[in-house]
Structure formats: C-alpha cells, structure tokens
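So the sequences go chain by chain: A and B.
For the first sequence, position 153 (counting from the first letter as 1) is numbered 153 according to our numbering, and the numbering increases by one without interruption.
For the second sequence, position 123 (counting from the first letter as 1) is numbered 123 according to our numbering, and the numbering increases by one without interruption.
Read the hints as simulated data drawn from the structure, not as lab findings.
Mixed in with the good hints there might be a few duds.
Stated by the list, open to error - Per the computed footprint, the stretches of chain B lying under chain A, defined by three or more beta-carbons under 8 angstroms from a beta-carbon of chain A, are:
# : stretch
1 : 160-171
2 : 192-199
3 : 212-222
4 : 229-237
5 : 291-297
6 : 304-317
Said to hold, decoys possible - The list that follows gives simulated cross-link-like pairs (lysine-lysine, DSS-like), each with its CA atoms no further than 27 angstroms apart:
#  : chain 1 : residue 1 : chain 2 : residue 2
7  : B       : Lys150    : B       : Lys139
8  : B       : Lys101    : B       : Lys150
9  : B       : Lys139    : B       : Lys101
10 : A       : Lys178    : B       : Lys279
11 : B       : Lys203    : B       : Lys177
12 : B       : Lys167    : B       : Lys139
13 : B       : Lys309    : A       : Lys178
14 : B       : Lys129    : B       : Lys101
15 : B       : Lys184    : B       : Lys101
16 : B       : Lys167    : A       : Lys272
17 : B       : Lys129    : B       : Lys139
18 : B       : Lys167    : B       : Lys177
19 : B       : Lys279    : A       : Lys170
20 : B       : Lys167    : A       : Lys170
21 : A       : Lys170    : B       : Lys309
22 : B       : Lys184    : B       : Lys150
Claimed, not checked - Far from chain A, by Cβ distances over 10 angstroms, these chain B residues were calculated:
#  : residue
23 : Ser122
24 : Ser259
25 : Asp344
Just so you know, these numbers come straight off a predicted model, no measurement behind them.
Beta carbons: idealized from backbone N, C-alpha and C, even for Gly.
Read off the chains here:
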Amino acid sequence: MTDIVVDRIVKRFGAFTALDDLSIRFADGEVACLLGPSGCGKTTLMRIIAGLETPDSGRILFGGRDVTAKATSRRNVGMVFQYPVMYPTLSVAENIELPLRQDRSIDAAERERRVAEMLDILDMRDLANAFIEDLDAGSRQKVAVGRAVARRSEIVLFDEPTTNVEVNAKLQLIRAFKTVVQRLRQTIVYVTHDQTEAMTLADQIALMREGRISQYGPPHELYNNPSAEFGGWFLGNPGMNFAPAVLGEGVIRSPLLVEPLTAPAGLSGRAKLTIGVRPEWIEMQATASNATVAGVLVDQAIGIAGRYLTKVDVGEAIVKVKTNARPPVAVGERVHLIVPRDRALLFADGQRAPL
Amino acid sequence: MSSVAFRSAVKSYNSAPALDNLDLEIESETLTVLCGPPRSGKSVLFRVLVGLEALDSGRIEVDGRNIAGLPPAERPIGYVPQSFALFPHLTVYDNIAYPLKLAGVARAEIAQRVDRAAGILSLGPLLKKTPDQLSGGEKQRTAVARGLLKNARIFVLDDPLVGLDYKLRERLMDELKDLRAELKATFLYATSDSLEALTMAQKLVVLDRGRVVQHGDADEVYHHPRHLRSLELIGFPQANILRGTSDGATVEAGPLRFSLVGGGSAGPIVAGFRPEALKPEAGLGVEGRCRVTIVENLGGEYVIHVEDKGASMVMSFPVAERPAPAFDTETPFSVSPADIVLFDVASGERLACRAEAAR
Chain A
1 MTDIVVDRIV KRFGAFTALD DLSIRFADGE VACLLGPSGC GKTTLMRIIA
51 GLETPDSGRI LFGGRDVTAK ATSRRNVGMV FQYPVMYPTL SVAENIELPL
101 RQDRSIDAAE RERRVAEMLD ILDMRDLANA FIEDLDAGSR QKVAVGRAVA
151 RRSEIVLFDE PTTNVEVNAK LQLIRAFKTV VQRLRQTIVY VTHDQTEAMT
201 LADQIALMRE GRISQYGPPH ELYNNPSAEF GGWFLGNPGM NFAPAVLGEG
251 VIRSPLLVEP LTAPAGLSGR AKLTIGVRPE WIEMQATASN ATVAGVLVDQ
301 AIGIAGRYLT KVDVGEAIVK VKTNARPPVA VGERVHLIVP RDRALLFADG
351 QRAPL
Chain B
1 MSSVAFRSAV KSYNSAPALD NLDLEIESET LTVLCGPPRS GKSVLFRVLV
51 GLEALDSGRI EVDGRNIAGL PPAERPIGYV PQSFALFPHL TVYDNIAYPL
101 KLAGVARAEI AQRVDRAAGI LSLGPLLKKT PDQLSGGEKQ RTAVARGLLK
151 NARIFVLDDP LVGLDYKLRE RLMDELKDLR AELKATFLYA TSDSLEALTM
201 AQKLVVLDRG RVVQHGDADE VYHHPRHLRS LELIGFPQAN ILRGTSDGAT
251 VEAGPLRFSL VGGGSAGPIV AGFRPEALKP EAGLGVEGRC RVTIVENLGG
301 EYVIHVEDKG ASMVMSFPVA ERPAPAFDTE TPFSVSPADI VLFDVASGER
351 LACRAEAAR
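Chain A extracted, bound-state conformation (with noise of 0.2 angstroms):
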C-alpha cells in the first residue's frame, strides 16, 4: 500500500513562502487533485513530491518510507506534465515502451503484453506505429499519459495535462485518464486550476490557497460544505453568494434571512459575518409569504444547461440566483427569495462557524 504523507513541508522562494507548513496525506489508490489559483503553491507542492524541488523543511513519506533525501530517478513515481516530454522520431508504442526498458524485472513478452493493453485502454491501437509529431496535441497526452502508468509505479503525478489541449482533446484525455485510473488504482496526485476537472476527476480535492490546504475532502462536500468563504466562492459558476449578517443579543440577523439565528455559543462579537448560500439554493416566487424575503430584480441572463440566471438586489446584498424555470417577474421588478434554513452557512471572519 503507497499512500503519500506530506509532513509539515515549508519551502520558500526567497521572500516568498510557497508552502507554509502544509502537511496532507494521500490514500492509497485514490485521486487527489490539488486545485487553486495560480499561486496557491498547488505545483510547488506536486514537485517536491516528485523530488524535482527540495523542501526547506518537513518530509515526504511514500507508504511509510522516508523519500525527502531521495531522487526522483529513485522515488518510482510517473509523471505527466503540461508539454509532454517525448521522442518525436520514436512510435506511440515505443514511446510506451520505453521506460518499460529500463525496468529489469519486466522481459519482453511482459513488455509487449503491456504496451498492448496500453494502446488498448487509452483506445489507440490504430495507432501504435503512428510517430509523435504526427499526432495532435491531445493524443500526445494520452501517450504521455500511457508512458507514465505502463511501468505500473504506484504513484503518479499529473502537473496541468490538460493546459495546452483543444476542448474535445480535452475529453478524449480525461476519457482515457477515467479508463486508466479504474483499471490500474494507482496512487495519483493531479495538478489542476480549473474546478470542473478537479470536481470530475478526483475522489478527494486538496483546495489550496497561500501556500496552505483550506480544505481536503470529497467534491460534492467541498461544494456543498465549504469550511471557508474562499471555498464557497472558489467553486461553482458562479460562486456562492454572501450577505452581511450581525450579532446582537443572542440572535444572527441578515438580509438573507426571515427569522434571525440563534448565535453559536461563542461566537465573538467582533467576527466579521457573513451569510452564504449558492445560487441554485435559493428560490424565487412573484409573491410574498412568511418564508420570503423581497428583492428587486436586476439582471438576468441564461447560464448552464439553460437554466436561468439572474441577480436580485435585496438591499444589503446583490444576490445570485439560478432556477430552471423563467423568473416570474420582469427585470426591474420586486421578487420574493426564499433561502432554505438548512441551506445558510455561516461564516465568521472568513471561516465557517457552526449553526
């Protein structure tokens, strides 16, 4: 079993610190993709546990074994990177084979029944002869992809694969990523700024921001439980919307909000509060009740899979809303929110509080 133990890694890059004491652990045979802005430290991190970055302090463990004083010749991990690094002048089965060569334990049949079932899961046995130049940028990837899993390492790294492809490449490699990853269950950490690709790849994601994981678990508990604002907003399109809210004797009062909250023991009087609901939570009705809250509406456009779109001004706060069915009331005029109580997260200076 290979799980990947990051621990209490810091690396600085002169005045910058790219990774801030960051300690993870990666399951074994799972997909973790660390997902951020740009400068979150996301690739940072991927290359000191690939060995090409030395980390100023902490350890890398690969299924209990100490490899921070490691190459990574040493270390046994695949990798994929943005521009594939190939032999243009060699074949895609070649190009497969090749890292297999330098295995001693694996004999040519094992070699040739490998590379086989390689073409074959990555849906490229037309063109096993083919040369790399030859080939669009897409399928390069996925005999970049082929190349890293063949040899069977137990981890593989995965930096942006998909950043210089055209769209249906694009799902041509993740169609082959999903294929390779059911079969072989290898242990892989996969690099990624864009959140859908994090949210249909992985089976945990490590959000990152500053240098520190904000928070590591399941997709759908990233974006439905989001332990942070920066989380909330990071994922979804659009992001999840927040509206001031205040403490004052006992309750949580927001524009948001019909009946106040009860106030979470301890929560300090000084937090910045906010209320967070993601757009397709809210509903939206023509007339008032005692479950509404009214707002006037002021754009609305059509956004995914045609469901409607539209921002509604509830004083306070201009709000994001999606529902699947036409507003019922023309832009300009007032409309009537209903935010289900389940459905409101506090947060406190940034942070998720409890309610």
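Since chain A is already given, all that's left is putting chain B on it; use the hints.
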C-alpha cells in the same frame, strides 16, 4: 442615445463577400453579443465599425449620422481589442491615461478616470509598474481599462476576457455589465466562450456568411433558434447537432429515429436539441440506449457525454435533479420530439416541419 446601424454594408476580400449587404440595428444602451463561426463576418464588422477598414459600400450610422468615412480617432467609439498592445516604457497608469492625454483632458480629470477604471479592474496596486513586470492577465486588464476610458457611449469589446482564469472572468463580467449600465453605454461584445456570451448578452446577433441570421433578446434566440448557427453557437454545454437523412416521413440521425410531420421532404437534414432536453431515462418519445463516456461535475450541474452508433451526444441536468449515470456504463436516453429542431442542410435555416415519436 447611442445607437449603431449598418445599412446595406458590403465588404469583400478578393471578391469573396465578408459582409454581404448586411443590415443591422443595434439597440441603444444595451449589451449586444455578436456570435458567428470563423469567417462569418464578425471580426470584419468590428473592424469596419472602429475604422480599421473601410466598407466597399453601404453606411454605418451612429445616432443617424454616417461615420463610414471618418478616421478611427474621430469616431465616437471606444475599442477594447483582443490583443493588448501596451507601451513598454510607460507605467500601467500612463498606459491607461495615454488616450486621455492625447485628447488634452485635464490632469485632475485623467487621475480621477484612471483611478476609477483601475479600481474596477483591480489594477490599483499595479499602477506604477511597467508592462514587463505584469502577468498576461494583468496586461490584458490594463488594455481593457484603457479601452474603456474613451469618452464615448459606444464600445466595441472583442473577446476582452479571453484567457483569464475563470474566477477573475466571473467578477469582471459582473463589473463590465454594471459599468455599461452606469455609463448608459452601448456595448458590442464578442467572446469565444459560449457561457460568457450568454451571461453577458441582453441581445444576441447571430452571423453566418456575412449576414445576420437572427437578432433578438437572448432568451428568445436561445429558446427559438431560427438558424442552425443560433443553436450551435449559443448555449453551454454546446447543443447536440446530428446530421441525418429523411425519406420524407422518417428521419434517421445518428442514434435518433423519429417521424416527420408538417411537410418534410426527402434528403439530408440536420436535427438539433439542447443538452437539457436529453434525459438519461426512457419515456420522452424519441429514445434509445447509449454508453456514458464522461461524467463532468460542475458542482451545480452534471454534463454527461454519451455515445451511440458512432455519434456523440451531451446531456446536462442539475445535480439536485437526479444522480448521474456511472462512467462507462450503458443507459437509456430519451428526448421529447417537441425539443428537436430541424434545419435545412444547405442554408442552415430552420424548417417548418417537426419531429414526432416514430410510428
């Protein structure tokens, strides 16, 4: 008022028409998104409007006045181009302020307007830097700020947010919409991103082969496409477009088979429908079975890619609606015939005939 109109606009390159007697009236004080495939005339339309090229014939009217003969600097139009040409020796501030200085605007007013534009585009901390100290996204925001500073009521924005990361685009889309409303300006907008197009558009103009094939409210164009391009270019995820053949009574198009009513003729035909019309269940009328090739999770929506008989289709539905079918499994699918739109292969025009469940 800040209306723009093209009247019988003609522009050809080597006798190939890029604008083919094009008529278009852009509504004043709205944000209109122009959509068109490559060589549809979209870029040419922008270039002749801002004065980078001249029409062969026809008029371009701004508030009723023909501006087709005016040099670019004299046109009352702000231009935010896709490529960001900045002066390398000037700071961000001076780059943004440059057109105002040229126009002789007073220093105090320049400072005020630059600060405002810099605030909207989050350039405040960068104003003293020079372009070689900026990232690609920062250079782009500088160019957008400069384009928006012109004292004009009409702005042409040619894919201003291309390549910026999603979260920054999300915020800038809101800011640009608010700015347009505040300036009471007319925005003509083009983008290569179909979700951005829908998010921004109040009005949509669909171009094909140098002509306007549909122009209307975004909601209207989305739900009632009159031309294949309207379905194909507008919407996220992209609509399903299947090429098929008709014998006059029945259509076979990829995995779909349905009857034709209302005067269909025999021959090739194009059938299209939105991803949200396709469901992973039987019962909607036009149906079959397919293989799930990718399950994309957008957080609030699933995008499911499926395959059957060599054709790919896409379905999309809210995550709250139902669970997604599993990757690499087989699933039934169906689409209501009322959601299938039929087009003429040669012209791309919508046909009067309709789909009905196969008899």
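Quick rundown of the hints versus the structure:
no.: 1; hint: 160-171; in the structure: holds (count 4)
no.: 2; hint: 192-199; in the structure: holds (count 3)
no.: 3; hint: 212-222; in the structure: holds (count 3)
no.: 4; hint: 229-237; in the structure: holds (count 3)
no.: 5; hint: 291-297; in the structure: holds (count 5)
no.: 6; hint: 304-317; in the structure: holds (count 3)
no.: 7; hint: Lys150(B) - Lys139(B); in the structure: holds (18 angstroms)
no.: 8; hint: Lys101(B) - Lys150(B); in the structure: holds (11 angstroms)
no.: 9; hint: Lys139(B) - Lys101(B); in the structure: holds (20 angstroms)
no.: 10; hint: Lys178(A) - Lys279(B); in the structure: holds (23 angstroms)
no.: 11; hint: Lys203(B) - Lys177(B); in the structure: holds (13 angstroms)
no.: 12; hint: Lys167(B) - Lys139(B); in the structure: holds (17 angstroms)
no.: 13; hint: Lys309(B) - Lys178(A); in the structure: holds (22 angstroms)
no.: 14; hint: Lys129(B) - Lys101(B); in the structure: holds (19 angstroms)
no.: 15; hint: Lys184(B) - Lys101(B); in the structure: holds (24 angstroms)
no.: 16; hint: Lys167(B) - Lys272(A); in the structure: holds (23 angstroms)
no.: 17; hint: Lys129(B) - Lys139(B); in the structure: holds (11 angstroms)
no.: 18; hint: Lys167(B) - Lys177(B); in the structure: holds (16 angstroms)
no.: 19; hint: Lys279(B) - Lys170(A); in the structure: holds (24 angstroms)
no.: 20; hint: Lys167(B) - Lys170(A); in the structure: holds (20 angstroms)
no.: 21; hint: Lys170(A) - Lys309(B); in the structure: holds (22 angstroms)
no.: 22; hint: Lys184(B) - Lys150(B); in the structure: holds (14 angstroms)
no.: 23; hint: Ser122; in the structure: holds (13 angstroms)
no.: 24; hint: Ser259; in the structure: holds (26 angstroms)
no.: 25; hint: Asp344; in the structure: holds (24 angstroms)
The structure fails none of the hints (numbered hints given earlier).
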